[in-house]
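**Student:** Here is what each chain is made of, one letter per residue.
2 protein chains.
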Amino acid sequence: MKKQIFAAIEAGGTKWIVSVGSDYQTAEQIRIPTEHPDITLAAARDFIHAQIQAQGEIASIGIGSFGPLGVDPTQADYGIIGNTPKPHWAGTDLACAFADFSVPVVIESDVNAAALAEASSLIPRNDGRLIYVTIGTGIGAGVADNGRVSNGVHHPEMGHIRLPKHPKDSYAGHCPAHGDCLEGLACGPAISARWGADLSTLGPDHEANDIIAFYLGAFCANLLLSYAPNVIVLGGGVSLTPGLIERVRQHAFDQLGGYLGRFASPEDLHQVIRTPSLDTFSGVAGAYLLAHGAGYLEGL
Amino acid sequence: MKKQIFAAIEAGGTKWIVSVGSDYQTAEQIRIPTEHPDITLAAARDFIHAQIQAQGEIASIGIGSFGPLGVDPTQADYGIIGNTPKPHWAGTDLACAFADFSVPVVIESDVNAAALAEASSLIPRNDGRLIYVTIGTGIGAGVADNGRVSNGVHHPEMGHIRLPKHPKDSYAGHCPAHGDCLEGLACGPAISARWGADLSTLGPDHEANDIIAFYLGAFCANLLLSYAPNVIVLGGGVSLTPGLIERVRQHAFDQLGGYLGRFASPEDLHQVIRTPSLDTFSGVAGAYLLAHGAGYLEGL
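Taken in order, these protein sequences are the chains called A and B.
Under numbering that gives the first Met the number 0, the first residue of the first sequence carries the number 0, and numbering increases by one thereafter.
Under numbering that gives the first Met the number 0, the first residue of the second sequence carries the number 0, and numbering increases by one thereafter.
Chain A extracted, bound-state conformation:
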């Protein structure tokens, strides 16, 4: 039987990755800067059209997009980008933008798509719960539960939760809505605004490392106490800082205060708080799962 062909899109706020093929490892893909939606969407469509000529018809399109974004297929705002500060993108209808291909278009948040892919890679039989967190220009998180995205009334907006302030941190925060929410304190721009450089440039001895790890550790501890996931994956640019994840594990362990019996030492967090197993491909791999899948969105 001939392999099915899909289009998979990681629609980021800085760049889009558009991939056409049967899986993310062997597919053809391009990277497009995120400009005015008219330009970016046209470039994505052109690439898909060209790949259809080369590879044959596609069965469906999966999109993992920056948000906020309507992700409930039963609602009128499904696939429509919400109130983003990114110029021109608020109100963009991603489903309509790809309607001309006349195939199902499955749309989720970028971090939910990444969570699906990491769960499928990291959890045996995909029988468990994984939270994918990106710490970069912003902070976002997605939840995969037994192989499915787990949204409530909307996709998670966990970047904006409140946590205790680090005792040495007097920064008022970077979030236009909340000031010192998690994103306002620990996203890439909040680091640059406080210390004039990113963590890797500041070097491992700079106190910024401990302050950022404190916030991410407290966030992980709160997630372990609430969602009780099998795995938390920390992705995004800030997470690539050498040595950061070890500090995050230590802070999470300290904040748990021995309360969860399954963590007797910080080493017990090594397989639970970790970096992406799919390197930088979590998003695209997740978009393929959305495209294949429709499986998890019954009745689509």
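Bear in mind the hints are in silico, worked out from the structure with no lab data behind them.
Only a predicted model underlies this, so the values are computations on that prediction, with no experimental measurement involved.
Positions of the beta carbon are idealized from the N, C-alpha and C atoms, including for glycine.
Treat each hint with caution, since some may be false.
Chain A regions said to be covered by chain B (calculated; three or more residues, Cβ under 8 Å) [said to hold, decoys possible]:
1) 41–47
2) 54–61
3) 150–160
4) 210–222
Model the placement of chain B on the given structure of chain A, informed by the hints.
**Tutor:** Leaving out everything else, chain B in the frame of chain A:
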């Protein structure tokens, strides 16, 4: 067709309610103080035996219990109470304690059971997500998602998450493990330890009301940003304080900072942050759903 009879138990840290019948409204029930497990369990069994004589055989037993508690039927610790500070109860095996009845025993945390019952009462077609929070001797929360309990590796332990401190609150906190986690700051004993009385006795003008509402409001805001539930139900003794829930809604609204478009004013939170619809019966009603159910625990 004859109605099926069940036993339903709300196993609290202070009292047990044991109910036998076909639903919580028409059943026979007793209230037993929580003493040494040998005494409490024997009293519960005796009542069920007597009711079987009067009403006929039971089909199953549902138990919503205080925790921590093993709730995964595939694990060896299923139905066993974990490391509780309550004397003599750690290690108590609730499944074995009722094995002599030779019927299925379905066991969940008390707050997960209450969440199931409130969701079934409050969410049309039970097609959504509800979080039940109890604020009393401790703070705990359970999650019902589309009519099913939503646990991860273990049941939620959300009472122990960390939140920002209220600027006027210098209390070090009441939790033996964490000091100033949510439970350590806002449970009943933390209120009495700080101000020498409960909120209702202190009266509505005492600053304690605003401080406790601040923590519960921040907790609700974090829940709305992460789980995005349709409804958050605030139960337990502290939640009965007159006027408290209005203050909690206001603080939650303030902390959201306009970020979630569905809440344009604090009034939009009235149907979302609310008191129990089943009065004090959420726990027992949930235990009946567990007993009926097994429906949601496939393969039990």
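**Student:** Now, for every hint given, state plainly whether the structure supports it.
**Tutor:** Hint-by-hint comparison with the structure:
A count of 0 residues in the stretch 41–47 of chain A with a Cβ less than 8 Å from any Cβ of chain B is obtained; the coverage claim is therefore unmet, three being the minimum. Chain B is given as covering the stretch 54–61 of chain A, and this is violated because 0 residues of the stretch bring a CB closer than 8 Å to a CB of that chain, at least three being needed. With 10 residues carrying a beta carbon less than 8 Å from a beta carbon of chain B, the stretch 150–160 of chain A meets the three-residue requirement, and the given coverage holds. Only residues whose beta carbon comes within less than 8 Å of a beta carbon in chain B count, and the stretch 210–222 of chain A has 3; three or more means the coverage holds.
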